[in-house]
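Residue numbers (our numbering), protein chains in the order written: chain A, 1 to 279; chain B, 1001 to 1270; chain C, 2001 to 2282.
Derived from the structure by calculation, the hints contain no laboratory data. By construction, the Cβ of each residue, glycine as well, lies at the ideal position given by its N, Cα and C atoms. Check the hints yourself; a few may be wrong.
[As the list claims (entries may be wrong)] Now the stretches of chain C that chain B is said to cover, found in silico as 3 or more residues with beta-carbon under 8 Å: (1) 2090-2098; (2) 2125-2133; (3) 2161-2174; (4) 2185-2197.
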Amino acid sequence: MSIVVDRLSHTYHPNTPLETRALRDITFELQRGAWMSVVGHTGSGKSTLVQHLNGLLIPQSGSVVVDGMEVREKSPHLRAVRRKVGLVFQYPEQQLFAESVLEEVAFAPRNWGVPEAEIPGLVQSSLALVGLDGQYLERSPFHLSGGEKRKVAIASVLASAPEYLVLDEPTAGLDSFSRKELVDLLTALKEKGYGILLVTHDLDIALQASDAILILNRGEQVVRDTPRRVIEHLRGDHIPGLSLPDIVTLSAELHDRTGTVPVTWDWRVLAQAIGEMKR
Amino acid sequence: MKFLDNLTFGQYVPSESPIHHLDPRCKIACVLVLLTSIFMVRHTTSFIGWGLLLLVVTSFSRLPLRLVVKTAKPVLILALFTASIHIFFTKGTPVFSLGIITVTREGLRMAAFTALRLLFLVLFASFLTLTTKPMELADGLERLFSPLTRFGFPAHELAMMMTIALRFIPTLLDETDRIMKAQLARGAYFDKGSLWKRLKAFLPVLIPLFIIVFQRAEDLSTAMEARCYRGGKGRTRMHPLTWRTSDTIALLGLSLVTALLLIADRTLLP
Amino acid sequence: MPSHTVCELRDVSFTYPGAAAERGTKVRPALSGITLSIKDGEWVALLGSNGSGKSTLAKHMNALLVPTQGDCIVYGMSTSDADHVPAIRNAVAMVFQNPENQIVGTTVEEDTAFGPENQGLPPGDIARRVNDALAATGLREKRQSPVYTLSGGEKQRLAVAGALALDSSCLVLDEPTAMLDPQGRAQLLAVLAELHRGGKTLVSITHRLEEIIHCDRAIVLVRGTVAWEGAVPELFQSTEALREWGIFIPPLAALWKDLHARGITPLPSVPSLPEMVQALCP
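Same shape as in the complex, but just chain A (with noise of 0.2 Å):
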């Protein structure tokens, strides 16, 4: 089961003046229980890439297959697709609008339909899955914090009971605790089953968790492949706007001298690694 794109491409406002190229022949595929990591710079076509993925966004040409099923204009499967894809978007805390946060996660599975008698249990499993207990439910969410309202709409997504979840930069804007906090729960998310895939311009966050990573660069497919070979790709070529982590370059330029530090984004790794090369 996964979702497959295949030579997808988009055009904004074609045949016009204004008409622009966001997505050139993207081809790759997400299975269940997997990460990916789309990186890119703004501007780069990510957005549009994602709204594909639960057809909020129809393709012009290529295909977009969730489980099987194709996204397209019309097609009876449209609202399966969407409820299978749960999609957090960019500042997701901007959608809140219920009086409690029990009513906001509730809101995604009475639109699809969920019988009344199990959305309690339905919203408490999806507000554990991101850390919050019971005492959140009569809260309203426009009191919490920002990071955890940002968990409670990412909840109010998870209670649609996806089996895929994609977040559109989910860490803009938090704190590097809240942001640590967040890749941690998609890791758990992952190893409970989800296919993930992450959105963001921060590639330490793609290098640390993902098991691939595609980049964008103008709206094309740069490379997508394994952290250590897309690693070896942005060394070769640099791409505007994206630059290696600090530790990553430190110790890939180590690796091409040395031959015993490890390539790693991991400043511990690395000071072990240099530690025993200096003994």
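Given chain A's structure and the hints, the job is docking chains B and C onto it.
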């Protein structure tokens, strides 16, 4: 599927034309002259003259005619609607009948007349927004109404509100689009059920939007205060409005032409 | 050498009005007993985690907030004196976190002119200020562009241009990079470094330690009080304290600190990446 993409009606189109360079106050005055004159027209055939005037103004503005005509598209439905009312409900000499509906000669004339009047009103008015930057327009209105400030009329405040509204329209459209998509992704329907159901479906869009708007308003007022804004008093402009001879000539010339058209309407036609 | 004092806070405390009514019981002031001074030409980093009071402090320097207790003196003028407020706002400009919410004009040029227009300058002077500000922020080509066509990074540079056009000698920036992507962030920091070289006094508020490497001095706020003050390299040494204050240590600094502790001392102070590569590569 960008929901609110087609909101470009009458937007400013940059160009280096004589009309673009006129003082906004002059253009506002000209439009007022044109609109009142069009209301005074009595004969349908007179609109031939106004059509010629429209062509002359278009060529002065160096805008493609197609673009100018396009701005009238949204009112076309309204024009057709009023026209059809006149066709069906004006009594007089019958031209033909279809069942209970009788179309009269007077009805056809009235229909053509009202439709043309409405179209010309919109077409001439659209030149104001097509050739004037929104900020200039706000400036012009502020200056025109500034004599009223001594009677407590908030000319500056209204102009500032207009500027800010214009500044934030694209942002808020983007935001609405994003929130709608976020709620769609959570299974919301916007296009199903009764009218009441559809309105209710918009609450999850409107509430977040209001919250964003109020947050923005608060932030913006803090930022404006930090940028030394203290209302209109003592404020100067980088491009102050200057009334040139060309503005006087344009206003007088246009007034003369419209006067001639009106005289022709009253005297030459039966 | 910097000597003149731009801004001085003497035992400043501040409590948000209305905060008491909401909670009912004891209210923690947003700032308590803050004493510090900013010297002319300095680049000071104001660090703190969320809720440390750093934004509240920033708003004091521009008289957007006035102390509930103590004094805030800007160029010898107390911010509590309403008569001084216009002069204080001319002297200290602010840039806020969300670029979108501080841009008033519909085009780049119009927005940059907004401040000097409020100051009541003659048109020629406004045009000169706008030219200079747009040149300093690298926005000259975008002069006539509508604001909605700019990227996030460009919008934030426009906010800086708007502040520069006020021709104030001090610029206070409240988390200006928080909403930008790495590219936008790097470009903005480059603009700030250039302004600093030109003699502008800068106060940048951030929770990102990697952004303060070029600053002269750092002040750490923790729950509304000054927890630490000193030179930037020294701050990087205090790893444990930083963790306690809720400030994330950049990986390169953490690595350097660890190597230091292992007795491998490639460099005396926190290095840049090229320095580190050079020091470590045999």
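Against the structure, the hints:
With a cut-off of 8 Å between beta carbons, the segment 2090-2098 of chain C has 5 residues touching chain B; three or more are needed, and the interface restraint holds. Counting residues of the segment 2125-2133 of chain C whose beta carbon lies closer than 8 Å to any beta carbon of chain B gives 3, which reaches the threshold of three, so the coverage claim holds. Remark: the segment 2161-2174 of chain C is confirmed as covered by chain B, as 3 of its residues place a Cβ nearer than 8 Å to a Cβ of that chain, reaching the required three. Judged by the Cβ-Cβ criterion of 8 Å, the segment 2185-2197 of chain C is not covered by chain B as claimed, because only 0 of its residues qualify and three are needed.
Consistency with the previously given hints fails for number 4 only.
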